[in-house]
Amino acid sequence: MTEDPILLRVKDIVVRVAGPERTPEGGGPDTPLGEAGFWLDSTDLLEVILACEEDFGISFDAGEDLTAEALSTVRSLAEMIRSRAST
Amino acid sequence: MNAGREWELPPARSLVALWRLRPAHIFSRSLWPLLLALDMAPFPWGEDLLARIFVAKAFVQVRRLREALAWAASHSADRRGRWRLALSCSSYHGRFVARMALVGVRRPEEFRRRVVLEGTERLGTAGRATILLGFHLGPPEAALALRVAGHRLTWVGGWRNSRAWSREAWRPFQGPGELLWAFEGEKFWGSVLYRACRILRKGGTIFISADGAAGREAFRVPVPGGPVVVRSGWLALRRHTGAQVLPVLTHMEDRTQVVTIHPPLPPLDQDLAADQRACREVLGALLEGHVRRFPEQCYTLAFPPAREATRADGRASIQPRQTHGLSIGKTT
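Chains as they are written, first to last, in the numbering used here: chain A, 1 to 87; chain B, 1001 to 1332.
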């Protein structure tokens, strides 16, 4: 089965920002971005958001897009990007 | 007379609403109603009373007194001087908590009359992205002082509330372009930093604290009785936007709040380690001078707001005090 390309790209960005020390073994699309997952803090999240914008050529609406839910996991972030890219 | 009407108790409905709107991460259950009650008195009665209450509290909560005395030892060699400084620090803490809630300050003009701004010429021309970098080493509301004086900026920080905020006169200072509030949690802060980034990329000005309770530690600045823990959010914003950074320090002179905008930090160095070293060096000299000059006003050093804990990933994280802390985060 082919993996979702958006999901893969988002995961690459998250892993790059988290670095090997914080990337959990077996971390997948549903691994939390924050505690007990990739341990991304607010500054890391800013890096991820800006990298996603650049990589996908989109611009986020901070109020609508960057909710706590959207920033929960790699999958939720990818879903948000998918919906933003389709508008 | 307007002043007479404002002395009246607000309708019970709004008091109930205000009770529910307590910013629990700042004000405790016992302090919040006290602030609401003190707000009915004209300025500066409420503030003066809270200053005295905090001094009295130092004798009730022995831990606080011990903390203040231990901290005062780094500023004064003799016993009498240490006691004087410890109690003065407790008093200023009460005063600053009252200021944080704008106790008794009905209108922005009243606030403006008690503020002196220095170094505003450094704010420069419009269109230049600027980060005003504040510190919890003096009275609060330096950003508000600049805003009531007519300077355009967006305040970036944790959500807060007060009786004053519910007044019509303060509404213009609560618009979406004026405040970027973060509720607790890294996710909210990530989103807030992103919004701040957008403002800076459009050439705007933001005010953000370097030494708040949230965020990853970037470096420490040694000061007498310190250190001051500097967080990384503003550094990330500077790196992504190239904004100039102007440190802002503030202190009280009698009842007047003096807000000083200092010269900009060195321009951004692409070598991040060198950039942090350069910033730390400049901030070190600035903060040490300020702490030596106004030790009694540096309550966050006397009563540290949070303790560091080690997270599962081995990095430090902030654990705000939950019940008895007297801090930026929780005030009881």
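Be aware that a few hints might be false.
From the derived model, a few chain A residues whose C-beta atoms are all more than 12 Å from chain B [stated by the list, open to error]:
1) Leu8
2) Arg9
3) Val15
4) Arg16
5) Pro29
6) Asp30
7) Asp41
8) Glu53
9) Asp55
10) Gly57
11) Ser59
12) Gly63
13) Asp65
14) Ala70
15) Glu79
16) Arg82
Partial list, computed: chain B residues near chain A (C-beta under 8 Å) [to be verified]:
17) Phe1059
18) Arg1063
19) Trp1165
20) Ala1214
The set of hints was computed from the structure by calculation and includes no laboratory data. For every residue, glycine included, the Cβ atom is placed at its ideal position computed from N, Cα and C.
Quick rundown of the hints versus the structure:
no.: 1; hint: Leu8; result: holds (22 Å)
no.: 2; hint: Arg9; result: holds (19 Å)
no.: 3; hint: Val15; result: holds (14 Å)
no.: 4; hint: Arg16; result: holds (15 Å)
no.: 5; hint: Pro29; result: holds (17 Å)
no.: 6; hint: Asp30; result: holds (16 Å)
no.: 7; hint: Asp41; result: violated (5 Å)
no.: 8; hint: Glu53; result: violated (9 Å)
no.: 9; hint: Asp55; result: holds (15 Å)
no.: 10; hint: Gly57; result: holds (16 Å)
no.: 11; hint: Ser59; result: violated (9 Å)
no.: 12; hint: Gly63; result: violated (8 Å)
no.: 13; hint: Asp65; result: violated (9 Å)
no.: 14; hint: Ala70; result: violated (9 Å)
no.: 15; hint: Glu79; result: holds (15 Å)
no.: 16; hint: Arg82; result: holds (19 Å)
no.: 17; hint: Phe1059; result: violated (39 Å)
no.: 18; hint: Arg1063; result: violated (29 Å)
no.: 19; hint: Trp1165; result: violated (21 Å)
no.: 20; hint: Ala1214; result: holds (7 Å)
The structure fails hints 7, 8, 11, 12, 13, 14, 17, 18, 19 (numbered hints given earlier, in ascending order).
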